[in-house]
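Protein chains in written order, with numbering that gives the first Met the number 0: chain P, 0 to 232; chain Z, 0 to 232.
Heads up, some of the hints might be wrong.
No copy labels: a pair is met if it fits in one copy or bridges any two.
Unchecked claim - Derived lysine-lysine pairs resembling DSS-like cross-links, with alpha carbons at most 25 Å apart: (1) K143 x K126; (2) K186 x K50; (3) K164 x K49.
The set of hints was computed from the structure by calculation and includes no laboratory data.
Number of protein chains: 2
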Amino acid sequence: MSSTKKLIIYNDPNSAPCRAVVSFCKLNNIPFELVETSVAKMQVFQPEFKKINPIQQIPAIKEIDTQTGEEWTLGESHAILRYLINTRQLPDHWYPKEPRLRAKVDQYLDWHHTFLRQGSSIFVFMKLFAPKLFQKTLPEEQLKFQFTYLTRSLSLMERWLAQSKYLCGEQMTIADISAACELIQTKFIAFDLAKWPKVQAWLKHMVEENPTILEVHQPFLKFASELTGQAKL
Amino acid sequence: MSSTKKLIIYNDPNSAPCRAVVSFCKLNNIPFELVETSVAKMQVFQPEFKKINPIQQIPAIKEIDTQTGEEWTLGESHAILRYLINTRQLPDHWYPKEPRLRAKVDQYLDWHHTFLRQGSSIFVFMKLFAPKLFQKTLPEEQLKFQFTYLTRSLSLMERWLAQSKYLCGEQMTIADISAACELIQTKFIAFDLAKWPKVQAWLKHMVEENPTILEVHQPFLKFASELTGQAKL
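Build out the structure end to end from the sequences listed, making use of the hints.
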């Protein structure tokens, strides 16, 4: 990637997908600038942000050619991670070129949207943050439905982690980054991971092996601790 | 891909992601064998299928090396599509190598999981099929919530299709295949696409340009017509 390209990340530190993209950039020394874009303040629905990301979600990125002024934008955290890998010289382990190794990472990334994210971020948000931030509660039955996604997701992750050190093999991939950034927040619903010992050990290892991830989480951890009265991670 | 590899697709014709994978294989003359795996009969939850796809969803594929007997499996329709592209010599337009074109396809494929699929397949299934097949109904409020995903998804697709002939540019990609296979079923909730004229025209064009897609849909269309009493597509 030419050094004439400037990378901007539209970021809310309380968003797990944002934390995944920012962590990945920091772990790989990819230079970027942050533009804080608050979900709680509904900034993603404002017309100027809709021009940047018509999906109206974060994270989004903008690349600016500093010579020509040409701008290009992209949404969806997993698409952003793949794009950064396709355009930067990065270690192969993140998203291996070997087709079967890559396929398992792709499988995880697709599964993530409809399982772990339902079970972690969306459940945690609905259970904990929405009532305090928006005075909005979901019926208990619906919360229970989403809670089953969390336990089903953890059981499958436990099975994957019984086969290999990381979620998709013996090396850390973008699947691990995305998953870890989702799962850290279960701390705030006092959720005990002890029933899934391999997941618990993997998450501990992910955080200890990559202090950058924890560093990126600090603003969120502070916010969540203040909101919930729970201890910090 | 060596001709010693046999491809098996675990398939339920009533599943949109299955129809996308089967359509893609047929459009590209990729040989495969089908193993019918019924969701309605709960076959995805049986132990023998769990060994093939621990995610317990369809489609899944198995590749068998006919010389060594070695077997390899994969789940998630978009991961399967990417894997087929990465291992077969196929036209570039399906999933362009150029990073920014590819990124827009990846962006669509990620968005698809949490928007169009919520709004189309899951809404249609809950609204129409679940009551008849499983005597299960969702509260009207929850259905309304999912219905908004359908209309929001269509509005965004309309915007994308105002910019280019296909969802991610001037050429047909796997995003179009995945989206078309989801959207065809809105026919069975008597949903009028006229408010989204570009989507309506694109879907008509997709089906007419690719008679294979409609052919793959025949078992589903027959099943849905019988179940709902609606006319065939």
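Structure-based check of all given hints:
For the homomeric pair K143 and K126, the shortest alpha-carbon distances inside one copy (10 Å) and between copies (21 Å) are both at most 25 Å. Taking the shortest Cα distances, K186 and K50 never come within 25 Å of each other, neither inside one copy (35 Å) nor across copies (32 Å). Taking CA atoms no more than 25 Å apart as the test, K164 paired with K49 passes between copies only; the shortest distance there is 21 Å, against 40 Å inside one copy.
Against the hints set out earlier in the document, a violation occurs for number 2 only.
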